[in-house]
Amino acid sequence: QQQVKQSPQSLIVQKGGISIINCAYENTAFDYFPWYQQFPGKGPALLIAIRPDVSEKKEGRFTISFNKSAKQFSLHIMDSQPGDSATYFCAALHTGRRALTFGSGTRLQVQP
Amino acid sequence: GAVVSQHPSWVICKSGTSVKIECRSLDFQATTMFWYRQFPKQSLMLMATSNEGSKATYEQGVEKDKFLINHASLTLSTLTVTSAHPEDSSFYICSARGLHNSGNTIYFGEGSWLTVV
Chain A
1 QQQVKQSPQS LIVQKGGISI INCAYENTAF DYFPWYQQFP GKGPALLIAI RPDVSEKKEG
61 RFTISFNKSA KQFSLHIMDS QPGDSATYFC AALHTGRRAL TFGSGTRLQV QP
Chain B
113 GAVVSQHPSW VICKSGTSVK IECRSLDFQA TTMFWYRQFP KQSLMLMATS NEGSKATYEQ
173 GVEKDKFLIN HASLTLSTLT VTSAHPEDSS FYICSARGLH NSGNTIYFGE GSWLTVV
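Chains as they are written, first to last, in the numbering used here: chain A, 1 to 112; chain B, 113 to 229.
Pulled out of the complex, with its shape left as it was, chain A reads as follows (with noise of 0.2 Å):
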């Protein structure tokens, strides 16, 4: 049972345009969502998180939308570039177990 599901599977923006990334979840049990941005070899790198309380957060060029009635949340990536491309995941760390789930993940292209 995939307890996160993220969408797209894979997304090519042109440079400077906005990238998005969507994810929904079904347990309320989850309590803090972050995302992590993974390049080929890598670990995840933390990329911004959100809490469920809050709406929008932002960080520089990154965007989180959260609709907590909804079960959803995204990423948005304003003024998109090629160093950006990796591949994005959403997470959520539910409240008991303290442990994160991933979503499948989003291969984010880039093009100059």
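The hints are simulated quantities; they were obtained by calculation from the structure and are not laboratory data.
From the three backbone atoms N, C-alpha and C, an ideal C-beta is built for every residue, glycine too.
Wrong hints could be hidden among the right ones.
Claimed, not checked - Partial list, derived from the structure: chain B residues whose beta carbon lies under 10 Å from chain A:
#	residue
1	207
2	218
3	225
4	227
Said to hold, decoys possible - Here chain B is said to cover these stretches of chain A; the calculated rule only asks that three of the stretch's residues, wherever they fall, bring their Cβ under 8 Å from a Cβ of chain B:
#	segment
5	66-76
6	89-101
Fit chain B to the known structure of chain A by using the hints.
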């Protein structure tokens, strides 16, 4: 941000042998460490959760006798793949959560590539 180091970065071992992967938190004390496995072009799958000084909690379907996890100190956890087989070849990643923050931020190591031949 906090640093989590894994060693070795990559290892090749013969089928039937055991291999140990270390995970260290370099600048914070990690009360909890997590081990993930990631196959090529797939997501990270949680294998087990370990708390310092106690036995690891394994996810359903993960063989505890095959994947031995030790979290003997607040800065070190080890994963030993025993009697490794080619199907164990994967990217193993550890992560850690420490005392230095609210407990939500989890930092990941750089991963360890295991190839069993």
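Hints versus structure:
Here the hint on residue 207 of chain B is kept, as its CB sits about 7 Å from the closest CB of chain A, short of 10 Å. Against a cut-off of 10 Å between C-beta atoms, the interface hint on residue 218 of chain B holds, since the closest Cβ of chain A lies about 6 Å away. Here the hint on residue 225 of chain B is kept, as its CB sits about 7 Å from the closest CB of chain A, short of 10 Å. For the restraint placing residue 227 of chain B at the interface with chain A, the shortest Cβ-Cβ distance is roughly 13 Å, beyond the 10 Å limit, so the hint is violated.
Chain B is given as covering the segment 66-76 of chain A, and this is violated because 0 residues of the stretch bring a CB closer than 8 Å to a CB of that chain, at least three being needed. Counting residues of the segment 89-101 of chain A whose CB falls under 8 Å from any CB of chain B gives 7; the rule of at least 3 is met.
Checked against the numbered hints listed earlier, the structure breaks hints 4, 5; every other hint is satisfied.
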